[in-house]
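Protein chains in written order, with the working numbering: chain Y, 46 to 278; chain L, 34 to 244.
Wrong hints could be hidden among the right ones.
As the list claims (entries may be wrong) - Result set (BS3-like, lysine-lysine): computed pairs, CA atoms no more than 27 Å apart in a straight line:
hint, chain 1, residue 1, chain 2, residue 2
1, Y, K229, Y, K111
2, Y, K198, Y, K148
3, L, K156, L, K235
4, Y, K234, Y, K106
5, Y, K234, Y, K104
6, Y, K198, L, K131
7, Y, K143, Y, K104
8, Y, K143, Y, K111
9, Y, K148, Y, K99
10, Y, K188, Y, K251
11, L, K95, Y, K251
12, Y, K104, Y, K188
13, Y, K143, Y, K99
14, Y, K143, Y, K209
15, Y, K209, L, K156
16, Y, K209, Y, K198
17, Y, K148, L, K156
18, Y, K104, L, K131
19, Y, K234, Y, K251
20, Y, K99, L, K156
21, L, K95, Y, K143
22, L, K131, Y, K106
23, L, K131, Y, K111
24, Y, K143, Y, K188
25, Y, K198, Y, K234
26, Y, K104, Y, K209
27, Y, K234, Y, K209
Everything labelled a hint here was simulated from the structure, so no lab data went into it.
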Amino acid sequence: MSEEGMNKDNISVESETQEQPVKKTASTFRLVMTLAIAGTLAGLLIVMVNQHTKPIIDKYKAEQLKIAVYEVLPGIERYTTYYLVNDALSLTLPEGAKEAEYKRAYIGYDTSDEIRGVAISRGEPGFQDIVQVIFGFDPSNGKLTGMKILDSKETPGLGDKIFKDQVFVDQFFAGPETPLVGVKIGAGKGNPNEIDTITGATISSKVVIDIINHGIEEWMPVIDQGIPQEPKQ
Amino acid sequence: MRTTTPSQDFIRGIWNENPVLIQMLGLCPALAVTNSVANALAMSAATFFVICCSSVLVSAFKRFIPNEVRISAYILVIATFVTLADMMLQAYAPAQHKELGAFIALIVVNCMILGRQEAFSAKNNVFRSLLDAIGTGIGFTIALVMMGGFRELLGTGSFLGVSVFGPNFEPWVIMVLPAGGFLTLGFILLAMGYFEQRKKAKTALTAEASS
């Protein structure tokens, strides 16, 4: 009760600005209960809305990814998702594992069920935030087949040219050899692995090149170990 | 306490006490996400939703919120609605959600919203709190769309994504960069100050003439 007595002094000062001049001091229990009840109700509300919106969000993300895979692997008929489990490709996840925790490779096949390319999604820090790139390459010769920026917060007008500058983007679809080397426009020697960087967005362009090089470095040995056969439908 | 009519409650937030242009509240989103009209509109819509819902709820439950924890309670209410707005934007307007990024979550700490709860909703009935929130929300929208319009028009030569100046226009890249936000806000405030000054001088002049 001594606590209430202490609080009374504070309240009498504040109550001048209140609508009702006489206000009882609330007990600690009531303060805790108010916030606890409010927090519980807020949590319930959020869960309800989340259950409604999550399927829509997931569906949209899956669709965007699907479109991107077909874009960076031109000429494929269908693709299969493989997971990186214990440094090897696997069609299935270990028992009880969470899908989001495993890295994925999307392997694209043409009409005659031949492997046409592998698509990898990978993110690395750019000039502002993580740049998320999906790129496709042909595992038989290491040539790139395409690149698409999935997510980037690079500077509008400069860094965002990594996906708005069609000339820059087209270079990745022209089948350059890997590892890629970024060069200034006009400074290239005509090697098949050169990519002209964007003037004014050198860091952003180099990030894209680095992501692709690191991604291929990481996945090539895994793919060389062999791709497990798909179960016959 | 000052008494106001419901229509004054409504108009106040739009003009006399515009949150961004007069009170200088909510400047962080006003500067950060106004590089295009579409972004400004999405940000305004999310803020509008949050401020209206929070004001109604705070006003309805003001009797049950002990004075000592009122700020925590307001923030809890605001944060809940921000989370809802965040999830709904992500589901129904994913392109805008991607552009706005972290700024949606940062509506929680927009002092414009907390300010309205503390200054108005906690002392007035639900109807007047809602009017006040709608007014403030519209005022915020006007300020953001004004800035977004200027910046998109000069920075990319388009309005809401539709090209205005044609292909030969060289965009002023600086206008869509953060510096452009400060410049635009500065010029808008300059213009408002100029007209305010002229208005004052005019009333002073007529008062002098009539005496």
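Practice item. Determine which of the earlier numbered hints do not hold for this structure and return their numbers in increasing order. Key: 1, 3, 4, 5, 11, 12, 14, 15, 17, 20, 21, 24, 25
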